[in-house]
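Residue numbers (the working numbering), protein chains in the order written: chain A, 300 to 615; chain B, 250 to 947.
Treat the hints as calculated values from the structure; they're not laboratory data.
Among these hints, one or two may not hold up.
[What the hints assert, rightly or not] Computed spacing ranges between beta-carbons, pair by pair: (1) B/880 to A/381: 44 to 50 Å; (2) A/382 to B/378: 54 to 60 Å; (3) B/406 to A/366: 55 to 61 Å; (4) B/872 to A/526: 50 to 56 Å; (5) A/526 to B/644: 41 to 47 Å; (6) A/530 to B/691: 26 to 32 Å.
[To be verified] Stretch-level coverage of chain B by chain A, calculated; a stretch enters the list once three of its residues show a Cβ under 8 Å from a Cβ in chain A: (7) 334-345; (8) 917-925.
Note that the structure is predicted; figures quoted are calculated from it, not measured.
For each residue, glycine too, the CB sits at the ideal point set by N, CA and C.
Listed here are the chains, written in short residue letters.
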Amino acid sequence: MFDWIRGGLATGRRHRRLVWVVYLASLIPALLWACAAFPILSGAFGDRPFGDGLLGAGSFQVWTEYAASDDFQLGPLAALIPLLLGVAWLLQILVSAGCMNVLLNGDSGVEGSFVVGVRRFGGRFLRSALAFGLMLVPVVIIIGAGSRLGRNWAESSGNGYLRLGFFVASLAVAFFLFVLVDLAYDLSRLSAVAWDGRQTFRGYFRALMAVLRQPRKLLGMYLGFVGLIASTVLVYQLLRGSFAAASAFGIFFAFLLQQLSMWLRSYFQVSLLAGEVSGYRALGSSKWCRGHGFSESSEPSAEIPTAVPTSEVLLS
Amino acid sequence: MNRNMRLFAFLLAAVAASSPDGALKATAAPVVPLPDPVYEIRMEATYDSEEFLIQGIERLRWKNTSSVPIHDLWFHHYLNAFANNRSTFMQESGGRLRGDSFDKKRWGWIEASSIRLADGTDLKAVEEFRAPDDGNEEDRTAVRYPLPQPLLPGEWIEVTLDFESKLPTIFARTGAQGDYVLAGQWFPKIAVFEDAGDRGRPSAGWNCHQFHAHSEFFADFGSYDVTLTLPEKYRGKIGATGELVESIDGESADGEGTVTVRFVQKGVHDFAWTADPKFLVFEDQLDPVADVPREQVRKIAGLLGVEESELGLPPTRITLFLQPHHRPQKDSYITATKAALRGLGLRLAPYPYTTITVVDPAEGARGSGGMEYPTFITGGTDVLLNLPVFRRVPVANSVTVHEFGHQYFQGMIASNEFEESWIDEGINTYYEMTVMDEAFPKMTLGGVELTGMRRMALIGSDPRDPIVTPAWGYYSAGSYGASSYSRPALMLGQLERYLGPEVFARAMRDFFLEYRFHHPSTEDFERSINRSTGQDLGWFFRQALRSSRTLDYSIRTLESDKVLKDRGVFWKDGERLELSDKEDQEEEEDEASDVYRSTVVAFREGSFRHPVTVEFRFEDGEVLRRDWDGQRRWRRWTFTRPSKLQSAQVDPDEVLQLEKNRLNNGRRIEGRKAPTMKILGQMMFWLQNLLQATALIG
Ligand SMILES: [Zn+2]
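So that you can see chain B by itself, here it is in the shape it has in the complex:
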């Protein structure tokens, strides 16, 4: 409660301080109340940087928010994924993830030496590791403690855990490398108890999956108050989830200098921290006036159909922990963070926390890059991007924008990443593309914007899995990636074009506001979008989200010929009349040349059915459009017009972002050589150069 007051005071002060002429009154941000905590964690932990070991005490108060008595407590011991080569994570990944391989010289693990209830009962004796997903007995990432008596609905329980965590060499988002630490999933983490009906559950129960290679996390909202003690070399170089409220120098038992820092944050579902003596630390702030162009506010207000004054953003403190060798990229990190704060804040709702911490991973610690934790994200860049030549390569910016976007999708829309990874990754990828194209329109790869790049992940291949698939159930890592990121992002892009940008933007905002600080499922998403748009989009979601259908329409045939003039016997005004070839050839040709019959067949090549528009262009410049519901396998159109048909095109406006093959979308009657000649000339030139290069060694 008092923390909330402090947040409010901070916002007020910041708003007042940066309001020179009252212009800001129009954009004053509403203060968003953070959710009531399902649990409160007070934790003290000490880090030994020689042994990469964390010793901690976790004091957890947890509430039964369900409608049934609870007989046990479940925790995640995520670090045990890295304990040995028999864990489910290691078996699934083979020790390789995102181009990084696990260092078997240092295994990572976590152990709770005791778990005591308020009355002193130690549950350690009844501890049992469970493998609900695959029955793997060697997996110790999900643990269950039966309670001596049930916890009734609305009751709180207090447990105190003594734990020890060994950080592996940086791998799969967490670990330590030299002095650099990125501690994620580092403490015993209470699982989510779901009531009947939550996310479509038939009965109440724990949702506690094991740690899988292609899966992230799922947790409830809580309050964190964490005190970390590190060797003194880390003074001023420690970042974490939440606000830094204290930093005290001290001394360890063996006389070494230490620094103790305390971070607190309400309304978040995880806590991560980082430290590196090499960090350069920069503080910045999103200035609601200077950093938010009116033009953008106007545009988005128009899109959402709200007053501009409703779209105010609060100031947000940005703390950047930067590696010295990436010093020239400082502004790039800050600019991207601000672009994302604006882009998502205006479209959905203001970022509700006071601070965002951006971490630049150490050299060789790429495994900890590109990750999101509440109010805390890690970037991904390379020293090569220091060079001005690469300034316009959108890689590092888009990682920052993407990870910040997770503050919304996963941070606030706390979906279950184990079971429905598309909700956070896919929706967030859509916003990443939107923000990138909006804020950095000149950043392209070979002239291709991010949307185009995302298409590359799925064009040309049939989907192997429905988008909605448990993270460990996908055919391959590639299928998990395409189904969680690109496909759902393009699916949303398609919906946006199908519904129109306004309807779509409003529906997405409604969904966000409805489920902010909750755990929506795919059904919740569908229901919310249907309600906002007033349409039943079930036909679309069933195919796009719950099937592996391929979307592909094409023009198969195209003909346009002169209509032959009347020949044969006809009856006219009661008279029989025989029309036959005249002797005079020239006259006949004149008569036959003014009408063309044109026939076009469009084909549904895939099993995904979607309405499409077909465009017909005629030589006299006339352009006709016809709508087709796309249900049957094909559709034929015939036109009898005074002009010859030039070309036909399905989906001329590129509504269908999920199209497998755009090449076959159109056809024209007269072939054209120019495109082929141009590309062939270029290919030949580069081939000549390649062949000529052998002259240097020939």
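So that you can see chain A by itself, here it is in the shape it has in the complex:
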């Protein structure tokens, strides 16, 4: 587990270009949105002393007063955010295709490049995403029904701790199930890239079986990276709380901190993929996304480097 995390982080460091791609994939849409919001906000706060409150401790109050007032014009832009999320998701699927190709097939030469990855696997990955989305449905239903039952039971028992327990437990179970489903999603796509497989649906469920057979180490690695990703936000919050950012320098410094935090987050995101590559290899680099008929004798679409430090660890 820790070796996969360490290995993932090392691989991430070696592929800084991927980190930049992932970073830009969220920065650019956010930046476009911010550019659209700038004239609206500066129209509201630019020549009004009331806006100065945003620089101090009462910024929440200023913001709520603004949000409730007739001067609030951000509504249409705010309504765009769900759409932006959808677009970002599609974009991230393509980015994954590129990243996985680079991580598995090496970024030297044309064959293993990011662009080739996007072109060759983008379509297949979108289909995978469908399988993944389908698997999320039962997860949501199970969690929804379970927590509702639990809540009713806790309420009829009159014990608040029970309700709290159920709430926390259902969150934990939901997260656990989500991680399993998400791991299978990533591993099946790695298999598709490694073996040029096309049967992404079948591959997805086979990968899920594989994950369920040996979940502990994979889960540990995944949680480790999720922890790292969460820490970028937490550390930012901690640092950000230590200064007021009332001056131009302060605001600029806060901006640098924000973008550093996002860059690190992107780095951990790429490292998670790299960690999953290690996990996939440790599971035997299976051809989940290819039919039995011809996959058995086929070669991987590219040489799997033998120098992967972790490939044998899990096979015992």
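Following the hints, put chain B with the ligand in place on chain A, whose structure we already have.
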């Protein structure tokens, strides 16, 4: 009478016991006589926890305190609001109230099987249900009994009612859920007979409204002596209005163990009780020395202009009935209750009862939370608030402070909640904010104090109703809420800033002392405040209380330009002189740069007219203020000064709490990018994080 003596003795003993060094002599509390009862109720009731059924006998002695003969008796049968889906309450609420929905598996009802006069005459035969507010024939929440002969002024009448009450699943302040019971509005309750002139009435008559979705209650002051018999599982876990004077174990007719408790209280207008075998029961006491900081006494004495020695508080017994899963919040309940006892007791008058009972509703019984009955309040919290992370979230504390505050506004200032809900809810919300900000200054939501949170309920929207509107006459539940709670509370905050804290505090205290144990109306409030302050605030009350006017002032335009130097033909000392552009450019610029003409237009955006101050800031640091009566639609100021105008601001001291939009209150000449950049950077960061989150599933 003897009860009064006992109260006195208790106070004396308590004061003496907690007075180690005579320091307390300075803060000895005056004993407040409780009001003479308009009625006396002796009641025995038995609760069946399997059927959620109460069987009771109510012996009522009621006095005609008016100046006219009375020909009938009116009662509230509030529980019938929950009898079916045709009741006025259910039609108005659609079975939903305060985020809670009614459980149609168990309807609640009340029925009086007989109502006998002293001579044995049973009035049941002439019972008629009335719907004075909406004519709804299916509504059985107001009932009238014609009397065989009129009751003359000053006479007492005795009636004995046998009644049966079925408690619904906890909803709208009352009911039972499992073993937990919160019995409110559970017995036939005599309505209020008002004399001509009371609360502005043209003629004498009964004031008996039906039970409405957005309304609470109205009752006279009486004496209660109530004996309750419950299954033995409730032993030691029963709380109620008043003092517990007896607890006896017994046996029911079918051999089950029972516990019988007796509660008595004088000078209150309602009686509620609670029971839950799961309750943890804690006793505490407001210690007039240890729990009341001298600093606070000094501050409030200064505010009121009285001697510190006049502000003594008596000890008050606090009984907390706590759910086991809220055990870590015990101190929070007690601390908030003490803060409210102090905060209101010092500002208005000491709490006159010996006891306050605080109830923590059972899990899933939120509908019974956040409610007030005389000497008895229910809180509202959540098990999540057990976690230390949420210690500073002010939600549970403010509910306790608010409900305790109702002991004053509604408990003692027994206003008509049907017709003028703002008097209790609004004034009480003002005190809730005051006490919260004073006692828990660190408890904020995102850095916003309670006053700021209350503003959120009304900013950005125009009021739909005048504050003074019958509870069932508001445009919506939201309008009832804003008009009864936040708006009047902020209206008082505005008055406080307008009049100054001392004048305001004294006027509010005068109002309280004048109408304590009475039923003041909005007019009474206005009259009292005008008298205390020596001002005619009619212009303010008419707009704030009796209109739905929007208050909003703004700075519309702001200009500041260099004055052009003199050009053209001028006459000076009898000589004609033509001044024209000089050849030398540099010299000209030097001459033109020392005087600016600055023009500012302030605008009244709403129809609420209020005097405002406007502040002008110049680049050389000079700050000027001008007062504007705010009457006309706009006002222009022009300044010719050696410095450029920087900004202008209406209401710089934030006197106008009811301002709809504070954003437009000020303008400056030079735009500033920093606030926008800062907020935009933050928004972009969180948007990036949100978008990046899709990478986990992308
Ligand atoms: Zn209230």
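Hint by hint, here is what the structure shows:
| no. | hint | in the structure |
| --- | --- | --- |
| 1 | B/880 to A/381: 44 to 50 Å | holds (48 Å) |
| 2 | A/382 to B/378: 54 to 60 Å | holds (57 Å) |
| 3 | B/406 to A/366: 55 to 61 Å | holds (58 Å) |
| 4 | B/872 to A/526: 50 to 56 Å | holds (53 Å) |
| 5 | A/526 to B/644: 41 to 47 Å | violated (31 Å) |
| 6 | A/530 to B/691: 26 to 32 Å | holds (28 Å) |
| 7 | 334-345 | violated (count 0) |
| 8 | 917-925 | holds (count 9) |
Figure legend: structure checked against the earlier numbered hints; hints not met, in rising order: 5 and 7.
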